[in-house]
Structures are given as C-alpha cells and as structure tokens.
Amino acid sequence: MINVVLLGVVYILMGVGFAFILNLLGIFNLAHGAIFMSAAYGCYLLVVKLGLPGFVAFPLTVLAAAAFGVLVERFLFRPMKADFNRTMMVCIALSTILVTTFNRFLGTRALSIPPFLAGTTGIGPYKVQTDRILAFAIGVVILVAIILFVDRSRWGAQMQAVTQNREGAALQGIRFGRVAAIACAVGFGLAAIGGVFMGSLYNLTPFIGDVTLIKVLMLVILAGLGSFNGIFYVGALLGVLYGALPVVLNGAVVDALASIMVLALLVIRPRGFFGHE
Amino acid sequence: MSEVTKISPAPEEAARIEEAPKTRPRRWPRLSMVGALAVVLALLPLGISGSYYMHVLILAFMYVVIASSWRAISISGQFNIAIGAFMGIGAYATAIPSVWLHWSPWVTIPLGAVAATIVGAALAFPFARLRTIYYAMGTLFLGYVVINLITAGGKTTGMSTGLGGVQPLFSDRTYYYYLTFGLMIVSMLCMYRFEFSRIGVRMKAVAQSHEVAASVGIGERRNRILAVAFGSFFAGLMGAVYCHYQGVASPSSYGLGATLWIIMYILVGGINSFWGPAIGVGILLIIPEFFFRDLKGDLPYVTAAMLLIIAFTMPEGIAGLVKLVRGRIFDRGRREEVRADASGD
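Heads up: the protein sequence lines correspond to chains A and B, in order.
Its first residue numbered 454, the first sequence is counted upward by one per residue in my numbering.
Its first residue numbered 435, the second sequence is counted upward by one per residue in my numbering.
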C-alpha cells in the first residue's frame with residue numbers, strides 16, 4: 454500500500470520537474486530519465502563509497518543535480534533556442550553520455566542504496582519500513598513547497614508570467630535566462646529526489662531512466678501539456694496503476710493497458726484530462 | 435474539413451505550391467556522385483568479404499532505407515516516433531510464420547512488409563487528427579503499445595527475450611550484402627520518385643499549411659495516411675530482413691531507443707534533404723564502427739560527441755552544411771538567400 458503511494462509521489466515529482474522545463478523552455482527533456490538515474494547512482498556512490506550518512510548524501514545529490522541543471526541550461530539548452538530537433542539531439546547525447554558512464558564504471562548489475570533508517574513501524578495491523586514513511590513525508594513536504602513556490606513566491610510568479618507570454622514577461626523586466634535556469638535547476642532537482650527515492654526503495658540499473666521517462670511522458674500527456682494541477686491527480690492514478698495492478702496482472706500487460714489508455718486519450722482528447730490548448 | 439470555408443483563398447500561395455516541382459535542385463551532378471558510390475559499394479565485397487566491415491555495411495544499408503522511410507513520412511509534416519514499431523511489426527509478421535509454421539522466408543518477408551503497411555495505414559487513420567507535438571507523442575505511445583503487446587504476447591512472440599530460431603536467408607554474408615544493397619537501391623529509387631513526384635509535392639504542401647493545401651483541393655488526411663502507409667512498407671520490409679539476418683526478433687531492437695537513434699541519423703544528416711538520412715547513417719553508424727571500434731564500451735561517447743558537435747555547429751545537419759558551402763562557391767549572388775535558407779528560420 455505504501456509502495457503505491459510512494460510510486461505515485463515519485464511520478465509526481467518527476468512529472469512536475471518535466472513540466473517545469475517543458476512549460477518554461479519549451480524543451481522536451483528526453484534526458485530527464487538519465488538525470489533521474491544519475492542522481493540515484495550519485496547518491497549510491499556517496500553513501501557506499503564515501504560512507505556519508507543518508508541525510509547528508511541526499512541533499513547533496515539534489516543540490517548537485519540542481520547545479521547541473523543550471524549548467525545544462527546555460528551551455529546546452531540556451532544555444533539551441535528551443536529548436537525541437539536540435540534540443541532532441543542534445544538531450545539524447547546527454548543521456549547517452551550519462552548512461553554509458555554509469556554502465557562502464559558500475560556495470561549493469563542491480564544495486565540498491567542502503568536504507569536511511571532501519572526497522573519497521575507498526576501502523577495499525579501493518580508493518581511498514583520506516584524509511585518508506587520518511588520518504589513519503591519528504592516527498593509530500595517537497596510537493597507542498599513546490600506548489601507554494603509557484604503560487605506565492607516572486608520567482609514562481611515570474612515563471613507563470615513567462616509561461617503565459619514570453620515577450621510580455623520580458624517587457625515587464627523579467628529575465629528569461631534567469632527564469633529558465635531556475636526552472637532547469639528545479640526540474641533536475643526534483644528528478645534527483647525522485648531518483649534517490651527510487652534507488653533506495655527499488656533496485657538500480659543504468660537503464661531505469663528509460664523506463665521512468667516513458668512513465669513521465671505518459672503522466673504529462675494524460676495530465677495535458679501545460680497543465681500543472683493535473684499532474685498531481687494523474688500521478689496518483691499512475692502510482693495506483695503501477696503499484697497495485699502488477700500484483701494481479703503480468704507487468705507487460707499492465708504496461709500495455711496503460712499505454713493503450715494514453716493512446717486512446719490522445720486520439721479522443723489530445724489536450725489531456727486537465728489541459729487547455 | 436469544415437475549416438476550409440473560413441479561409442480566404444490565397445491564390446499566390448496556391449500557385450506557389452503547384453509550381454514547386456519546377457524549382458527542383460540540379461540533380462545530375464549529385465546523381466552521378468551517388469552512382470559512383472553505388473559502383474564502389476557494389477565492388478567492395480571482393481575486398482572485404484566475410485569481415486566485420488561487411489556486417490556494418492549490411493546494417494547500414496538497412497538503416498539507410500529505414501531512415502529514408504521515416505523521412506518519407508516526415509515530408510507530409512508528421513514527426514513519427516513509431517518507426518521502430520513498424521519495423522517490429524514487419525519483423526514479427528515474418529518471424530512468427532517462419533518459426534511456428536516453417537514458411538519460407540521468401541514468402542514471409544513480403545508478408546511482413548505488407549503487414550506493416552496495413553497496420554501503419556490503419557493506425558494512421560485516427561492519428562490524422564493529431565498535429566505537431568500531439569502527433570509526436572501519440573506515435574511515441576503507439577510504438578510503446580506495440581512493444582508492450584509483443585512483450586505480453588506469451589510464447590508466440592517469445593516475450594521480452596525475443597523469438598529465436600528465425601530461419602536465415604543465406605549461409606554466406608556476401609549474399610546478404612548484395613540483397614540489402616539491391617533492396618536499398620530499389621527502395622531509394624522508389625522514395626526518390628515518391629518525393630519528387632506530384633504526390634511528394636502535395637505532401638510538402640500539407641506540411642507547410644494544411645489549410646492552404648485544403649483550399650486548393652489537397653486533402654490533408656488522405657495524404658498523411660498515404661505517407662505513413664508508404665513509409666511503413668519500407669520500414670516493415672527492412673525490419674523483416676533485419677530479423678532474418680539476425681536470426682532473432684527481439685522487442686528491444688524496435689523500441690523507443692531504436693526509434694530515437696533512427697531519428698538521430700536523420701537529424702545528423704539533415705532533415706530537409708533527400709540524401710540526409712543516408713549521410714546521417716554514414717556519419718553516425720559507419721564512422722564510429724569503422725574507425726573507433728577499438729574503444730568498444732566507450733564507443734557511445736564518440737557518437738554522443740558527434741551529436742553535440744552537429745547540434746551546435748550545423749543546425750540543418752550535414753546536408754545543410756553542404757548546401758551552405760555550395761551556395762558560397764557557386765552562387766555568390768544568392769549568398770544571403772542561401773544563408774537565410776540554411777539557418778532554418
């Protein structure tokens with residue numbers, strides 16, 4: 454049960470990060486899955502190789518990912534001027550480099566980040582691992598913080614302005630470059646949080662990024678391109694779908710069902726459940 | 435097409451669409467170059483018979499056709515991320531009768547191509563409603579559905595490990611070389627005819643503005659479905675040949691990753707040129723495999739570096755660069771125009 458909820462949280466984190474970059478920069482960040490995977494591996498290396506406690510390694514990973522996001526925005530995304538074809542090439546090159554690096558140096562065998570907290574806690578009649586509850590709590594706090602950030606803060610207002618009308622925002626003195634850098638930092642940071650959760654709860658291989666990327670695309674499409682609230686509802690739905698259904702059905706069948714659903718939705722209502730043109 | 439009535443007729447633009455074939459590029463120097471290359475490739479097996487290089491070239495021939503078939507779809511303005519799935523349909527449509535019913539490959543390969551065409555055309559029908567990014571995403575999930583259905587297919591499709599024991603066509607690799615080479619020549623001729631014929635012009639008109647196209651009687655849906663059917667035929671054909679060549683049909687060869695790399699070939703070569711996909715395969719597949727083979731596991735770095743270099747320096751791919759350079763040398767008077775052309779805006 455907690456798995457279902459957690460999976461939902463991970464998908465929402467990923468989806469929100471992806472939507473940030475898509476809405477503000479107009480870039481389909483196909484490297485999002487690779488960032489997710491690299492963060493999980495980075496955290497694994499910090500914990501296992503350097504012996505840092507989880508509470509230090511986790512924020513460190515997220516900050517590193519956010520800094521990486523700023524660099525990627527400045528040196529890879531900005532020169533491409535949101536040209537769909539060229540950003541696609543850059544994203545694929547980036548994700549190839551990351552996947553190859555981890556594949557080369559750590560191999561394809563499945564690894565797992567050691568749990569931050571050992572032991573289990575009883576909730577009613579059920580026993581639940583404590584670190585999962587912790588992860589869930591952190592995830593919820595971060596999501597609330599993100600909503601507040603977008604709704605209430607100055608930067609959040611600037612982001613909304615840029616999403617609505619880039620030229621208009623520029624005329625009001627909002628620097629697009631800075632907003633884009635923030636969006637990339639937040640997007641990559643959220644992907645890193647999702648990656649660390651995933652890496653500590655499930656097994657880690659260099660290829661988890663690709664699988665997760667598909668789910669994130671699914672989420673963003675179902676919610677509707679440009680929609681923000683939709684991601685929360687649909688993320689929860691996907692969490693249930695992928696957390697609960699594999700118990701009764703074959704995993705491949707679940708995948709097929711979910712993707713047929715997305716396909717049907719796209720054909721019937723391309724703007725998604727919560728989107729607007 | 436109820437939108438048609440709203441649009442004011444634009445006679446100048448309509449006329450430009452109809453005139454397009456007259457402004458074809460000069461073809462003869464290019465064709466003779468391609469012909470010379472073809473002769474060299476035809477004689478090459480005498481030198482490299484049975485070696486690894488031959489294997490790479492066989493794959494390259496197949497990918498040239500697949501990448502070009504993607505471009506044939508894209509000239510009607512459709513960014514299709516399901517080309518791998520069309521290959522997969524062709525592959526499994528030939529692998530399943532071949533393995534379970536022991537049919538001859540010479541029957542099942544055309545079967546695969548036809549199956550891919552029929553499925554492609556049938557699926558293109560609902561997708562003709564979607565445009566731009568929605569079409570791209572729709573086809574991405576279409577590819578994902580096809581791979582998932584194959585994986586969920588049980589014993590018939592061999593699940594995620596793939597269906598092994600597909601009968602080989604020949605025992606000698608040289609025959610494969612000439613088969614794929616011949617198929618490539620024939621397919622490229624077909625696609626050349628397709629693109630530079632009246633049909634191709636209609637496709638390009640739809641891509642530029644489906645509304646203007648509709649106002650001069652060029653139906654959007656019809657042409658888009660035709661493009662997908664045409665492209666998926668060649669993708670399915672090559673998917674089928676590929677699967678007999680490898681002796682196994684496995685879903686991972688036809689998934690999103692494979693599709694994205696095919697698109698990379700096209701973007702590297704230049705999406706706006708007929709020879710772009712072929713150039714892209716030459717650059718991104720042949721060069722790393724021929725000259726950087728010793729790197730083994732580090733090979734993807736070379737490919738990624740090439741992608742970055744091309745994304746940064748050549749917005750229109752290699753073909754765009756060639757166009758730019760030729761413009762500087764031969765058409766000094768038109769230099770500005772060519773530069774504006776190649777910068778893509």
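A couple of the hints might just be wrong.
Unchecked claim - Below, computed lysine-lysine pairings styled on BS3-like, alpha-carbon distance capped at 27 Å:
no., chain 1, residue 1, chain 2, residue 2
1, B, 730, B, 638
2, B, 757, A, 534
3, B, 638, A, 534
Hints listed in this document are in silico derivations from the structure and should not be mistaken for laboratory results.
Status of the hints after comparison with the structure:
{"no.": "1", "hint": "B:730 with B:638", "in the structure": "41 Å, violated"}
{"no.": "2", "hint": "B:757 with A:534", "in the structure": "22 Å, holds"}
{"no.": "3", "hint": "B:638 with A:534", "in the structure": "25 Å, holds"}
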